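**Student:** Model the placement of chain A on the given structure of chain B, informed by the hints.
Going line by line, the protein sequences match chains B and A.
At position 276 of the first sequence (counting the first as 1) the number is 276 in the numbering used here, and the numbers step up by one without a gap.
At position 310 of the second sequence (counting the first as 1) the number is 310 in the numbering used here, and the numbers step up by one without a gap.
To be clear, the hints were calculated from the coordinates, so they are not data collected in a lab.
Keep in mind it's a predicted model, so treat the numbers as computed, not measured.
Glycine included, every Cβ here is placed at the ideal spot set by N, Cα and C.
A few of these clues could be false.
Claimed, not checked - Covered, in the sense of this in silico footprint (three residues per stretch, anywhere, with C-beta under 8 Å from a C-beta of chain B), are these stretches of chain A: (1) 150 to 159; (2) 164 to 171; (3) 243 to 250; (4) 271 to 280.
Unchecked claim - Residues from chain B that face chain A, not an exhaustive set, calculated with beta carbons under 8 Å: (5) A82; (6) N131; (7) P132; (8) V166; (9) T172; (10) G202; (11) R218; (12) D284.
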Amino acid sequence: MIKQINKVKRSWLALAAIAGLGVVALTGCGGSQNTPAAGGLTGSFSITGSNTVTPLTAVWAEEFMNIHPGVNIAVSGPGSGAGIAALINGTTDVCQASRKIKPQEINEARSNGVEPYEIQVATDALSVVVNPANPVSSLTIAQLSAIYTSRITNWKEVGGSDAPIVALSRDTNSGTHVFFKEHVVQMAGLPGADNSLEYGPGVLFLPSTEQGVSEVARNPNAIFYPGLGYVTDAVKPLAIKKTPDSPAVLPGVATALDGTYPIARPLLYYTDGAPTGVIKDFIDYCLSPEGQARVTEAGYVPLK
Amino acid sequence: MLNKGGTLVTNNDRAAAGPAPGGLGRRWRPREKLIEGWIVLAGLLTIVVLLGIIALLMKEGLPIFLHTPPWEFFFGAKWYPVSEPPTFGIMPFFVATFWVTLVATAISVPVGVACAAYLAEVAPARVRETVKPVIEILAGIPSVVMGFIGLMLLSPLVQSLFHLNTGLSGLTAGIMLSLMSLPIIISVSEDALRALPDDFRQAAYALGATRWETIWHISIPGSLSGITAAVMLGVGRAIGETMTVLMVAGGALAVPIAPTDPMMPMTAAIASGIGNAVRGGFQYQALFAIGLSLFVITLAVNLVADRVLERQKRKFAR
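Same shape as in the complex, but just chain B:
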């Protein structure tokens, strides 16, 4: 057995050596390509945070890097909370968030010498989706709250078939988790609002939005709340009623822009102080008509 392991180790070493050579060769080539054209923008920075905003930021970053080959932008989407924590800890240049920074987080940032600066870059209609086989087509916010606090656990209680509800949520890293808790579970600003409501014990917390959407596509009893950009044909968005008497509104660009869709929210960038240099150029691009045109293409709602 030891002999076998040695053999395996040797071949791994060889592999590692080849990989190492490859990396050296690649960086060698990259170095010459990265030489900027005269007067071109250069620099690199990182954007991290919301899983919801990530597809949009990725489109912008790709386009911006195409226009300015000397710029390098690293985008990642662990969740808004994670992004804000990274901004406070000084490990990211830009934080993308699908919820507003909390006062407590601002205090923590200031004690770390970071001054959060907020820029709204787009709007999102938070869609509630179910499996296409589910007969339910609209819910009130109060019903959603009851579902996500595990007070309603069967679809027949909201006009569906007699089947248990599988309520899916994002984990605590997610800005969507926090936004949905405040505006739907706790019904902020609506009759019956209750700050002490929490996600119920039956709710499943998932590490990514994609996983929730694919589970809903497969499971006829599941319900989930992805951003508009994640809604595919494999799932059915529900029309939402603000109160039992108000009209049921489907999520979409038009309904979010005119304010009739009740669970729309701002998508935000946070930087340490007002952005400067290449980061400012990037954010200016995002807010330009050209950048805002990409927002609709990516499935989000542009700023007016």
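**Tutor:** For chain A alone, coordinates are given in the frame of chain B:
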């Protein structure tokens, strides 16, 4: 100490053999000392790293007990780290880790030991030489790939088989984990079985025992301590695995009553929360305290495995 002992043996051997051909005499000693010193340093480094990790876990994790008393932390069933005020109770995670590990062990131990017995006692040498490396490759599959397989293939199957609301459950995670600890259990048990002196088997055959009787009454009991160590290592792997359980265990915050419930084991709780935790905040401290508890559990499992292995070695040292 061990390194030193090892080197001394080499020196004695060399002394007994006289000056080696090619001029390997006393003048090479300084270099040998250098290497010896380097090895000692390398050994010390791992100890320093281990102590550093323990110190860090305690420094970052223990302050949470000023906010949440230990009994509430360990026996509380409410985990709301981002609420105002936050509450930290890790009972659901603790029970989830228990269920997932139990399922993984219940599957991987019988299958693993049976496979090891086949490889060590029954299989012809050629089959063994082919199968064992293949099993060891199974150990090298990245856990995120296992998670993906669990998500796409196993969870729909588990859902329809057990008529569950969702296939994302502790059972699914446990089955995936059993696949991941199988290679360890098979490999170590097979070594233990093969370490058993052949005289035992010959004696059994001489008394007219069949092959099955020999395996069941002689080989397995004879190498039981080695097999136990294998099981402990497999259990340790199952407890510590993170990515797979994060992806397929379902992540519900209720205390799971049955293994078929969706649940969030301790490792998944840490992984899903740590990105969001501000350094030094309550959630950060609570997650480190979970890490500390996890460390204590895996340490205990490893210590037991170590003791058992040691006993096995002493038994056959004669």
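**Student:** Against each hint, give a clear statement of whether it holds in the structure.
**Tutor:** Each hint, compared with the structure:
1. Residue count for the region 150 to 159 of chain A with a Cβ under 8 Å from a Cβ of chain B: 3. That meets the three needed, and the coverage hint holds.
2. Counting residues of the region 164 to 171 of chain A whose C-beta sits closer than 8 Å to any C-beta of chain B gives 4, which meets the bar of three, so the coverage hint holds.
3. Coverage of a stretch by a chain is defined here by at least three residues with a beta carbon nearer than 8 Å to that chain's beta carbons; for the region 243 to 250 of chain A and chain B the count is 3, and the condition holds.
4. With 8 residues bearing a CB less than 8 Å from a CB of chain B, the region 271 to 280 of chain A meets the requirement of three and the coverage assertion stands.
5. The criterion of a C-beta within 8 Å of any C-beta in chain A is met by A82/B, whose closest approach is roughly 3 Å, and the hint holds.
6. Checking N131/B against chain A by beta carbon gives a least distance of about 12 Å; that is not within 8 Å, so the hint is violated.
7. With its C-beta approaching chain A no nearer than about 17 Å, P132/B sits outside the 8 Å limit, and its interface hint is violated.
8. The restraint placing V166/B at the interface with chain A holds, with a minimum CB-CB distance near 5 Å, inside the 8 Å limit.
9. Below 8 Å, beta-carbon pairs count as interface contacts, and T172/B has one with chain A at about 5 Å; its hint therefore holds.
10. The interface hint given for G202/B holds, since its Cβ lies 6 Å from the closest Cβ of chain A, which is under the 8 Å cut-off.
11. The closest approach between the C-beta of R218/B and any C-beta of chain A is roughly 6 Å, which is under the 8 Å cut-off, so the hint is satisfied.
12. Hint status for D284/B: violated, given a least beta-carbon distance of 29 Å to chain A, over 8 Å.
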